[in-house]
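Chemist: For the protein sequence lines, the chains are F and A, in the order given.
For the first sequence, this note's numbering assigns the number 1 to the initial residue and increments by one for each residue that follows.
For the second sequence, this note's numbering assigns the number 1001 to the initial residue and increments by one for each residue that follows.
Treat the hints with care, as some may be off.
[What the hints assert, rightly or not] Pair ranges (Cβ atoms, derived):
no., chain 1, residue 1, chain 2, residue 2, range
1, A, Asp1230, F, Ala43, 29 to 35 Å
2, A, Ala1239, F, Glu66, 51 to 57 Å
3, F, Ala12, A, Asn1190, 28 to 34 Å
[Stated by the list, open to error] To give an idea of the interface, some chain F residues facing chain A are shown, with a C-beta separation under 8 Å as derived from the structure:
no., residue
4, Arg19
5, Ser32
6, Gly42
7, Glu44
8, Lys106
9, Leu108
[Said to hold, decoys possible] Derived coverage of chain F by chain A (criterion: at least 3 residues anywhere in the stretch with Cβ under 8 Å from a Cβ of chain A; other residues may be distant):
no., stretch
10, 33-39
11, 62-71
Derived from the structure by calculation, the hints contain no laboratory data.
Fair warning: this is a prediction, and the values are worked out from it, not measured in the lab.
Even glycine gets a Cβ: it sits at the ideal position worked out from N, Cα and C.
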Amino acid sequence: MPTVLIVDDEPAVLRTLKRLFHRRGFEVRCASSPAQALKIAGAERPDVVISDFKMPEMNGARLLKEIAACAPATLRILLSGQIDIAGEAISLAGVQILPKPWDEEKLLRACQRSKD
Amino acid sequence: LRAFDPSDPRVKRFQGALTKFGAVGGMLNGLLVLAFVWPDRWMIAATIVYCVIIAAFNTWVTVKLYRHVKPDSAEIFRAFGNVTMQVVLAQFTGWILPVWLILPFSAAFADGIASRFGGRWRIAILLVPANAAALLAGQPLRWSLAMTFISLFIWAMFSLSVRAIREMLADSEDQRAALEKAHEELKAWNTHAIAQEKLTSIGMLAAGMAHEINNPMSFVTSNIEALIADLESVPEVPAPLVEYRHEILADTLDGCQRVNSIVADLRRFASGEVQAEELFDVRDEVDAAVRMATSQTRDGQAIRVDLDAVPTVFGSPRQIGQVMLNLLMNGVQALDGPGEVHVTTRHEGHNVAVMISDTGVGMSQATLDRLFQPFFTTKGSGKGTGLGLAVAHGIVKQHGGCIDVASAPGAGTTFTIRLPISHAIA
Chain F
1 MPTVLIVDDE
11 PAVLRTLKRL
21 FHRRGFEVRC
31 ASSPAQALKI
41 AGAERPDVVI
51 SDFKMPEMNG
61 ARLLKEIAAC
71 APATLRILLS
81 GQIDIAGEAI
91 SLAGVQILPK
101 PWDEEKLLRA
111 CQRSKD
Chain A
1001 LRAFDPSDPR
1011 VKRFQGALTK
1021 FGAVGGMLNG
1031 LLVLAFVWPD
1041 RWMIAATIVY
1051 CVIIAAFNTW
1061 VTVKLYRHVK
1071 PDSAEIFRAF
1081 GNVTMQVVLA
1091 QFTGWILPVW
1101 LILPFSAAFA
1111 DGIASRFGGR
1121 WRIAILLVPA
1131 NAAALLAGQP
1141 LRWSLAMTFI
1151 SLFIWAMFSL
1161 SVRAIREMLA
1171 DSEDQRAALE
1181 KAHEELKAWN
1191 THAIAQEKLT
1201 SIGMLAAGMA
1211 HEINNPMSFV
1221 TSNIEALIAD
1231 LESVPEVPAP
1241 LVEYRHEILA
1251 DTLDGCQRVN
1261 SIVADLRRFA
1271 SGEVQAEELF
1281 DVRDEVDAAV
1291 RMATSQTRDG
1301 QAIRVDLDAV
1311 PTVFGSPRQI
1321 GQVMLNLLMN
1331 GVQALDGPGE
1341 VHVTTRHEGH
1351 NVAVMISDTG
1361 VGMSQATLDR
1371 LFQPFFTTKG
1381 SGKGTGLGLA
1391 VAHGIVKQHG
1401 GCIDVASAPG
1411 AGTTFTIRLP
1421 ISHAIA
C-alpha cells in the first residue's frame, strides 16, 4: 500500500485529506508542522508528500527541498494558493504544484503515479 | 521688449497709482501757485477751482477712460489735459513758473507702460503746448530750452527704470509660469501615486483576507464533495435528506466554488508581502507559472513552452511570476474548448520579451480599449474581479517594461511583455 505524508498546520485540512486518501487505499501519515514532517519523512520514506505552502517555521517549498534531500524517491506535491510560491520558483524544481482548494480527482491522479 | 498686458491686475494697480499721483501732483502744483498769488482773493479762488478741476479730471480718466479706452490713449489724454489746464492757468494768472515746475514732474511719468512708443508721444504732448504757451507769453527762450532739457533728462531716466521693471516683471512672469507647470506636474504625479497606493492597500487587504478564507474553504469544499459522493452511494436515503442530495448540496458546492474562484483571483491580484528586488532569470518564473496554470487546464487544452535563453532582468521575481501567472490564466480561460497557450521568450535588443499566445476566443476593440482598467472584466459576476491584467500592467510598468496586446475576435490573443535587461554586474 503506498504511503502518503500530508503536511498542513490546519487540522481540518489534515482530517479531510486523510479521509480522502484513506478511502482510496493509501496509507496516510499526517504532520501538523514542518519539523514533524521531516522526522516522519526521514524515518518512513513515504511514496508521496503533500505539503501546504504557508506554515509557521518553514514554508512548503523549503520543506519539500529538504525532504528531497533525505528521501529522493518521494513524489513531492505542493498544495498552494498559487501566487504564494511565485518567488520560490528555483527551490521548486521537480515539485508538482496543485492549487488549494484542490480538485480531488487531479490530486489523486497526481499521487497515482506512485501507486503504479 | 514685451508690452504690459493691460488686463494684468498689477499693471492696473500701477496705472491707478500713477494717475492718483498725477492728481496729487496737480494739487501740490496748485498750492505752489497759491503761494504766489496770495493774498489776491480772485487768484486764490481761481487756483482752488484749478486744483479741483485737475483732481476731478485725473480721477475721471482713471475710472472711465482706462476701462473703456486703450490705457495708452487714456494716458496721453490725461497728460495733455493736465498740461493744457496748467497753460490756461498760467495765462490766466500771468505766471508761467507753475507750468515749468510741473513739467519735469509729468515727464517722469510720461513713459508708456502700455506700449513701447507711447512715451515719445506723451513727452511731446507735454513739451509742445507748455513751450508754445511760454514763448507766446514772452518768456525767454533759454528758459524753454533749459526746462525742456531737464524734462527730457528726467523722462529718459524714468523710462529706463520702467523698462527695467518691465523686464523684471516679465522674468518673474516666466518663472511663475514655469513653477505653475511644475506644480501641475507634481500634482498629477501625486494623484497617480495616491491611486497606486490605494490599489496597493486594497491589494494587501484583499490578499490577507483571501488567504484566511482560502484555507477553510479548501476543506469545506472537499468535505461537501465527499458528502455528495457518499450520499450518492447510499441506496436508501432518509426522506429529509433527499432534497439535500438532489438540490441543496449541489447549490452549496456551487456556492463554495464561486467563493473559491473569487478568492483565487484576489490572491493572484496582489501578494501581501513586499519582496526585495534582485537579478533573476525570467524563465524560472515562466516555468513556475506554467506549472501552476497547467493545473487549471481542462481536457484537450495544453500549455506549450519554448523558452530561448535570455539575459537576467532586475526586479521582483515574485511580482513578475505573478504577471506571468495572470496572463497564462487569462490565456487558459480564453480557450473555449480544446486549444493551446504558447509561451516563448526572446532576447530583443535591450529587452527580454515574453510572448503568451492563446488560440482562444480573442477580444473586440471595445474590450481591448479597457483591458488594463482595474475592475474591468468580461467574466460573469462572481467569476472574476477584473484586477488581474490591471495588476500585471502596473507591475510591468514599475519594472520599466511594457505589455503589448494583439487580438481579434475568434483569432486568439497574444500578450507581449518586454522587460529591460539589467546592466548591473551580477
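Chemist: Could you tell me which of the numbered hints above are not met by this structure, giving the numbers in increasing order?
Modeler: Numbers 3, 5, 6, 7, 9, 10, 11 - these are the hints that the structure violates, sorted from lowest upward.
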